[in-house]
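Asker: Construct the entire structure; sequences and hints are all you get.
There are 4 protein chains.
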Amino acid sequence: MSDQTLDMNNLEMSEKAKPLLAAVTKHIRENVDPITEEFYRLGEGRTDRWSYAPGQLELLDGAKQKAREAGLWNFFLPNAETGEGLANLDYAYIAAELGKSPLAPETLNCSAPDTGNMEVLERVGTPEQKERWLKPLLAGEIRSAFAMTEPDVASSDARNISTSAVLDGDDWVINGEKFYISGAGDPRCKIMIVMVKTSPEAETFRQQSQILVPMDTPGVEILGPMHVFGHDDAPHGHMHIRFTDVRVPRENVLWGEGRGFEISQVRLGPGRIHHCMRSIGSAEKALDLMIERGLGREAFGKKIIDLGKNMETISRARIDIEAMRLMVLKAARAMDVLGNKEARIWVSMIKALVPEKACEIIDASMQVHGATGMSQWSPLSGMYTWQRALRFADGPDEVHHQVIARAEVKAFQASNTRGSKGDS
Amino acid sequence: MSDQTLDMNNLEMSEKAKPLLAAVTKHIRENVDPITEEFYRLGEGRTDRWSYAPGQLELLDGAKQKAREAGLWNFFLPNAETGEGLANLDYAYIAAELGKSPLAPETLNCSAPDTGNMEVLERVGTPEQKERWLKPLLAGEIRSAFAMTEPDVASSDARNISTSAVLDGDDWVINGEKFYISGAGDPRCKIMIVMVKTSPEAETFRQQSQILVPMDTPGVEILGPMHVFGHDDAPHGHMHIRFTDVRVPRENVLWGEGRGFEISQVRLGPGRIHHCMRSIGSAEKALDLMIERGLGREAFGKKIIDLGKNMETISRARIDIEAMRLMVLKAARAMDVLGNKEARIWVSMIKALVPEKACEIIDASMQVHGATGMSQWSPLSGMYTWQRALRFADGPDEVHHQVIARAEVKAFQASNTRGSKGDS
Amino acid sequence: MSDQTLDMNNLEMSEKAKPLLAAVTKHIRENVDPITEEFYRLGEGRTDRWSYAPGQLELLDGAKQKAREAGLWNFFLPNAETGEGLANLDYAYIAAELGKSPLAPETLNCSAPDTGNMEVLERVGTPEQKERWLKPLLAGEIRSAFAMTEPDVASSDARNISTSAVLDGDDWVINGEKFYISGAGDPRCKIMIVMVKTSPEAETFRQQSQILVPMDTPGVEILGPMHVFGHDDAPHGHMHIRFTDVRVPRENVLWGEGRGFEISQVRLGPGRIHHCMRSIGSAEKALDLMIERGLGREAFGKKIIDLGKNMETISRARIDIEAMRLMVLKAARAMDVLGNKEARIWVSMIKALVPEKACEIIDASMQVHGATGMSQWSPLSGMYTWQRALRFADGPDEVHHQVIARAEVKAFQASNTRGSKGDS
Amino acid sequence: MSDQTLDMNNLEMSEKAKPLLAAVTKHIRENVDPITEEFYRLGEGRTDRWSYAPGQLELLDGAKQKAREAGLWNFFLPNAETGEGLANLDYAYIAAELGKSPLAPETLNCSAPDTGNMEVLERVGTPEQKERWLKPLLAGEIRSAFAMTEPDVASSDARNISTSAVLDGDDWVINGEKFYISGAGDPRCKIMIVMVKTSPEAETFRQQSQILVPMDTPGVEILGPMHVFGHDDAPHGHMHIRFTDVRVPRENVLWGEGRGFEISQVRLGPGRIHHCMRSIGSAEKALDLMIERGLGREAFGKKIIDLGKNMETISRARIDIEAMRLMVLKAARAMDVLGNKEARIWVSMIKALVPEKACEIIDASMQVHGATGMSQWSPLSGMYTWQRALRFADGPDEVHHQVIARAEVKAFQASNTRGSKGDS
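Line order of the protein sequences matches chains D, B, E and U.
Residue numbers for the first sequence follow UniProt numbering, so the first one is 1 and each next one is one higher.
Residue numbers for the second sequence follow UniProt numbering, so the first one is 1 and each next one is one higher.
Residue numbers for the third sequence follow UniProt numbering, so the first one is 1 and each next one is one higher.
Residue numbers for the fourth sequence follow UniProt numbering, so the first one is 1 and each next one is one higher.
Certain hints may be false.
In this list, chains with the same sequence are indistinguishable; a pair is considered to hold if it fits within one copy or across any two.
To be verified - Below 27 Å or equal to it, Euclidean Cα-Cα: the simulated BS3-like pairs (lysine-lysine) are: (1) Lys-285 to Lys-309; (2) Lys-410 to Lys-26; (3) Lys-302 to Lys-18.
Quick caveat, the hints were computed from the structure, so don't treat them as lab data.
No experiment lies behind these values; they were computed from the predicted model shown.
Answerer: Printed below as a string of structure tokens:
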């Protein structure tokens, strides 16, 4: 496997992007960090969990405005027609910074799942779809969701998707249930991309389509939030949604009937890289907190940091973080060089590697903190549960390991066949 | 280390206790399981999280009543003057069953932290203290709390305890803060045992005392609940409490001033064994759920259980559970044979072993479940967070490993000294 | 799984056996330890690796003679017609002691693979077979081998066995190759039990037979020793043997044609338990050496034992050793109570658990020793390679995990069927 | 830590070096692979383990000659006055290839410990020292050794070094013992660099010196080979050497008295990188063998590769190999950019990461092979023991973790101080 990838090892940020990274760091320090505590404090006072309290969105929009004016906007979109966006490699550096702050991504209009939805619309949307949905998304005026996972089947095998869409005249009629639809709880969420089965008789990977469904379409019913270790993440939310005879126009299908899988290949690579790079920011933060706590408390006559295996734990965390960082940069570079489809093994590698290790690092930090580490006084338990959730989101670790192993075996067989025929 | 313990390997339940285990299993199936869902459903409707909804306590009291009538009551109390209670070894078998049901322990009056408080009162309480507090606790009429951990110091080193109690006339005046006081949120909680520093000038392990503080004493202020991974465990709760000039009579000190550490040795062994045995019940349940889910879903043309490493994961979980079970039984037996103090190495061994492994097993079960495993539709994430919390409660793993290693080194040195002098 | 096994938790040594354990310990200290160094020193001088040097066998026979006179002989054989032998549980305690000394097992006539061969002959041999082979084995006059593993197939699936035995008149004619035939290098090895395929047309588990083949039979050719991490373990050896038209009389088949698998079930349980119990002795020794080294050297101003995670490593080793010990005792007890066949899950559990963990403990001890730990100045690397080899011998870990997991799933299904029918 | 290193992420091979990598690969295939089997076969026939058999060196010298003619020579020496050598980054790519073949490094004159000795001589040697020793080493005419580790102290703390060198007239007189002196068994080894204590009264890190000692100096006595898991690695060897009143001229000290530690900083970085890069080649080979074996054998009706967790094991190995590769490239780049001293944290990171993980991968490959994996029929056990040895060589893992953790804590404190003063 290594041969083909020797040419993808320039992992340096481009000269063009370096000032942007500096500007993002400055933006977070000056415009995001100062409003974060108040944003959440205001949120605690709201009566409807699925709304924002007065003042919250004003704070957020202020920071968004500043970022946009500074040109720190829509970085996630590589090679966009609009001229916006950075190469995946450059963006990966920025995403790691964003991972240290819960509010930062949205202030740059770089939040999941909007990023994936925007990239899909930009790549395969019709002019009408772009005008109607992409434009306000790129402007940060609305938000969106992506409805793929279903409660009753193992969605890790996408062929199991059972929500159906049937043509009736010029309308698709959709029936089924989806859950863990992240972001669908936000009152600003106006549009969903829904993975449905349209052609049960077609060949296996041509049965699915992706369809645009406005949130206010009759028959779309939010049954409630799914929890992640007891958190509902309101008002963003990971919603459980029922579709009952939901009707949308025929032209709401993206890229044509039966191309649901193809679209997934467009969206999944970048989304996973963004997640992983933010995970690295999160692991960095956990390591900082571990050191801070270890230096700040004493027991048995020593600083906690000097007790038992704590120093080795810190060293291993640093090593793992640097290794993960380089792997994510390489996956980003692979996407820039090879395209989303060819780079998918690299994406699977970081998806299987990073959240698992980030969980370990955060957990170790928690252990150094004692009970406080899992309390509301520390961000660590929230960070942990999100990384734990990432081990399922966009495919469980096991599926990625299968993808990687199959590619490895295939490469072995190819090189052996080549070898046995002689290299002449 | 092994020599001294060869005589403690009869880990069989006594003939006397076997019918009790059967009766407990029957009680859970007939009296507890049928009310569990309704109990929690009722709870969802309450307006004050720190109360019970109408009907909840009636359900619970009904099951308690039946258990008490059947003689399934206060098993946790070995060698009690009252004649109640089982040997630690016998009780360990029963506790493992209790660990599979969240309500079962209380229906047998065997819930933490009451069990520890009752054992302490039974062992070292004055007749007046017993009459006032032990009697209603043994009858299951009130509940209690134990206030040890403090937010501002590393409480794993108990010498760090800083909450002070100063004699003023015939009263102790208590000032300080405690947190993670489990059970203090329950409206039925009437009494706390509080670890305080009474004699800062005394030698290191004679500076602390334990004092009885009724919950309604002026100056006791519940600041709020501490969360465990976002859960507040209301109405039980893990409360943050401030003591401001709290006055209790001089005779509320337990066993005499400066004996706080000695009392800890009475209480901590059994409590840890009970936790660990329930952890094993929890791990058993996680394994059952893993198999059930693995058999019930398909992906990529196979049952999930037959994919990848899942069968090996099941095997390793079974092996670990059986090894943990035997270790806990041995620790219980050691307490029965050697007494709480001499058996402390065995107790530290299970405390360092069991919650960590239980976390691993529950986490593996979650992974097999996919996203559902961490949702409110599954008990797994709640089970995980509780086992994770146990890695701090009653001393973090690291402290137990230190205790064990020091004993090991000491045993090595003793045997070597003996050896080098000849064995004649 | 736990229910069925509650009655097997009396793991205490019988009163009858306790003095034997004491006698064995004394025997090792007085008769074995004093000759060990000289035995190996003499061996270094020999010119033919596959022989003993003058004086070696005299030393060994002296110790054997003393053990036999003291009645410390053939303990491994439970419920023997001969009246010798201990219950598996009692023997397990003794085997752990034997595991600390490389020569001790043979001095008690308790070495692999003779123990398994003797048990098989005792259980299923004809009077003639017993007279000819069992008698001198029980007397410690000859040694033996067991030839099962083959170089060209995955022997972990015993159905793959391809060495053939074909009846020709009154003779079996054997052709094929075996390797890793432990003990076949010893000049005292006179007899092999060979697993062969006799009935390729029969149903799957009736195709194999076990046949007695004297080492000096024409056509038996020792091709050379197989190495274990570079060690040839001469003169015991793990030999590679070719069978070319080897003829033995028809009556040399054990227990009848097609019963090869049944015989395996007789032999494999005890052999695995003995291995595992000796592994525990080995792990104990590694832990002792770790502490000794850690106390005896200094670096960076501290004893090595007090650096980094070493104390936690010691604690974890102690916990694992105690858990393994109890598991092996339980497996032994299960064999005593349930018989070899029914207890096989317990045997698989310890076989999958113990050598893997023993490897970890020995490896950790090596790390504390620095380079010396892997040198000829320390027994650790030899101990490691043997435990590593045990992860293959008598079935690789993976096969045992499969056996355990299948039993677990079956038990779950059985209990669920029972459950769903109601418990009335 | 990340900030300072963003500029070191161009890990691409230079255009200049790419054809060299191709030439090396071709050289191994055409000139090294074809002689490897015969080289070792010839070696088996020799009577003196500490010599080469007739024909062996001729084979080796033939391949060396071809490499030298092709300009594939002394790549390891960056920025050499001689004009030879590659940047560390470029050489790292080549070293990974060399790691797949046991003979390849020497054919390019890139074997340890000569590489380190040559680099030291090139950097700090006097013209006379260079003429006398560096010249024939660079020409591949002689070999050398480096004597640092001592049997009686924890050499991981270099201050413990106790071999003394005392000036007597114009001679140093050396007394002490060293062990694990790799390469000192080779009859072509003519010179040793010996770490000695020259100035016990000086400050801690000025007490040591490095001195050139010709192998044939009177008083240099090779006591025998140290084993690595039973292997003596003859004739290269890891020798145990006693120095008794060994006299060498005063000018044999390198770079001046008391500069032993400074010299170590020159030599250790590159040596560790070369080891780690070859380790990656070794892990690659283990993975290839795992796949080959898994595809080539069947059990229980499936290819072994499709059983249990084997596919996930392959995936994890691939991920780990790629992560390690990038980390080693980054460490090499750091040395090119920052210099050996400043890059030492990166070197410690790979030294603590790579051999440990390589051991895991090789061990997993062995497990898939069954017993054959640890036999002489497979290179795996030899590969394992060498990687295991690397966890001690040039500092045990634990020391590297300490170095990394201390740097991490220091960086945290620096950034926090900076932070608290404001970033203005």
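Asker: Now tell me, hint by hint, if it's right for this structure.
Answerer: We went through each hint and held it up to the structure:
no.: 1; hint: Lys-285 to Lys-309; verdict: both (20 Å within a copy, 24 Å between copies)
no.: 2; hint: Lys-410 to Lys-26; verdict: between (46 Å within a copy, 24 Å between copies)
no.: 3; hint: Lys-302 to Lys-18; verdict: neither (42 Å within a copy, 46 Å between copies)
Consistency with the previously given hints fails for number 3 only.
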